[in-house]
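**Student:** Here is how the chains run, residue by residue.
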Amino acid sequence: MMEITEGSHAIAEAVRLCRPQVISAYPITPQTHIVEALADFVANGQLDAEYITVENELSALSACIGASAAGSRTYSATTSQGLALMFEVCFNAAGMRMPIIMSIANRALGAPLSIWNDQQDSISLRDSGWLQFYAEDNQEATDLHLLAYKVAEDHSIQLPAFVCFDGFILSHTYEPVDMLTQEDVDKYLPKFNPLERLDAADPISFGMYATPEYYLEFRYEMDQAQKRAKDVIAKAGKEFGAMFGRDYSALIEGYRLEDADTAIVAMGSVCGTIKDSIDEMRTEGKKVGLLKIRVFRPFPGEEIAKMLSHVKRIAVLDKNISLGAKGATVMEVRDALYGSSIPVKGYVLGLGGRDVRKRDVKEIVALCEKGPGDQFYGLRKELI
Amino acid sequence: MRELRIHGRGGQGSVTAAELIAVAAFEGGIFAQAFPAFGVERRGAPVQAFVRFDDKKIRKRSQVYEPDYIIVQDSTLIKDVNVFMGVKQGGIVIVNTEKKPDYKVPDGVKLITIDATSIALKAIGLPITNTSLMGAFAAATGEIQFSALEKALNNRFPKELAAKNIEAAKVAFNIVKEAA
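Same order as they appear, the protein sequences are chains A and B.
133 is the number that the numbering used here gives to position 133 of the first sequence; each next residue is one higher, with no gaps.
1 is the number that the numbering used here gives to position 1 of the second sequence; each next residue is one higher, with no gaps.
Bear in mind the hints are in silico, worked out from the structure with no lab data behind them.
Heads up, some of the hints might be wrong.
Facing chain B, a subset of chain A residues (Cβ under 8 angstroms, in silico) [said to hold, decoys possible]:
| # | residue |
| --- | --- |
| 1 | Ala-111 |
| 2 | Pro-112 |
| 3 | Trp-116 |
| 4 | Tyr-174 |
| 5 | Ser-269 |
| 6 | Val-270 |
| 7 | Lys-275 |
| 8 | Arg-354 |
| 9 | Val-356 |
Going by beta-carbon spacing under 7 angstroms, a handful of chain B positions derived as facing chain A [unchecked claim]:
| # | residue |
| --- | --- |
| 10 | Val-23 |
| 11 | Phe-38 |
| 12 | Arg-59 |
| 13 | Lys-60 |
| 14 | Arg-61 |
| 15 | Phe-146 |
| 16 | Ser-147 |
Backbone N, C-alpha and C fix where the C-beta goes; we use that ideal spot for every residue, glycine too.
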């Protein structure tokens with residue numbers, strides 16, 4: 001049923017319906033409303049789960065690893081500095097193949113301190129082994145939690161997943177969302193059935209010491225699981241579409257790309273503003289389209305190369321920057337297009353909450369047509 | 001698409017007003033989106049909140065720069081903040097004040113002043129003006145039905161508090177309706 005509600009509330013509700021058995025999280029802006037709501041659900045009996053309060057994010061994710069190893073469906077949520085504090089634990093969760101789902105209300109990293117949105121936090125964990133989903137609106141932000149559990153817990157995958165949505169821009173926005181029922185979610189997402197779990201009667205260990213004779217193979221297996229996740233997402237996304245009418249089988253989505261000369265590549269909530277801007281440019285006769293990346297890990301390189309094979313130029317927008325190099329997305333898109341003559345140009349924008357407007361999208365298209373790329377967009381020259 | 005920008009000070013309920021207006025608009029069968037300008041949640045600091053209204057799904061995520069409607073919860077903001085910035089021709093500005101305006105809204109923009117503070121003090125017993133201004137907004141723009149606003153307030157607040165706020169909204173709604 002369609003309901004108008006805050007993004008954080010819709011996400012907390014979706015998580016509740018996924019029936020996590022253990023939740024451990026530490027509040028941090030702009031994620032706080034989600035874990036507050038879940039704590040309420042547990043306290044008032046709406047959710048039968050263990051809510052473990054901890055002293056910080058490192059402990060929160062560590063508690064999730066223990067719970068997941070014991071065979072529980074687990075959940076956490078964080079952002080920015082909180083995720084940074086989990087850095088070590090993130091690698092451990094993935095290496096131990098724990099299908100933990102964590103909501104990331106994307107926020108900039110300090111210093112300088114910023115509570116506002118960009119995607120530097122989750123992008124900085126791109127090498128950790130977690131699957132990474134990015135939402136354009138609050139409908140996707142809620143739905144992707146179900147999809148993430150389904151994919152992460154698949155016995156051929158067994159990797160944790162971030163469900164990322166732009167902090168404040170989505171987390172604090174009221175808009176209509178189709179709220180699923182417990183019956184619907186139970187049908188889509190069966191009970192967690194761990195392949196292996198800690199059991200005193202049949203002891204095993206997770207996260208052991210791997211000497212140089214073994215370590216390389218562990219990383220290889222994780223990479224293989226990431227690659228297999230493409231097919232598992234396609235299947236789980238299609239099933240979601242058949243049940244609820246919203247098909248998430250594709251890792252990327254095109255918008256008015258079929259006959260586009262200029263393709264914009266972007267991720268997250270900015271895709272909505274870009275679509276409105278594209279509609280305006282189209283009425284002015286400009287052939288512009290959007291390629292939206294919904295899944296950043298595994299990276300849909302071949303899919304992107306195929307979808308963009310006909311365009312004349314590509315503008316990649318990054319709400320992150322690998323300092324000393326480029327935005328993470330442009331580097332991977334360029335890698336995907338290696339050997340093609342289509343120019344791929346990167347624009348870093350929107351860091352630390354700098355607003356992105358329709359007119360900015362138009363200016364970037366104009367810049368891309370003229371030539372320059374691999375630059376910051378929207379710098380206030382008087383401050384530099 | 002129509003857009004509303006609310007100017008207030010931290011603690012005056014601007015964000016709540018934006019949320020409840022969006023809820024009431026959705027109740028009326030249209031798509032609505034409400035969100036705050038973030039990061040200055042200090043009591044007394046200038047704050048903004050936004051609402052968009054459309055017949056179809058709203059995709060745009062940037063802040064509101066060219067509003068159709070503006071609500072100013074505290075007229076002392078006018079000297080510090082350019083609250084009328086970007087308002088569209090044919091737009092409507094609602095200012096909470098008991099005074100005659102010593103400022104000008106841009107040409108082609110309708111100014112409505114209402115003493116929401118007095119209305120709130122009388123109906124609620126506190127100078128919380130957001131619900132009165134929601135009533136004024138409903139009457140001035142027709143974007144939301146009063147009955148939908150009433151429902152939104154009833155769902156948001158405990159019974160007695162909701163009744164007081166509905167009373168404040170009703171008084172303001174009637175004043176603006178009668179003046180129109």
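**Student:** So which of those numbered hints doesn't the model satisfy?
**Tutor:** 1, 2, 8, 15, 16
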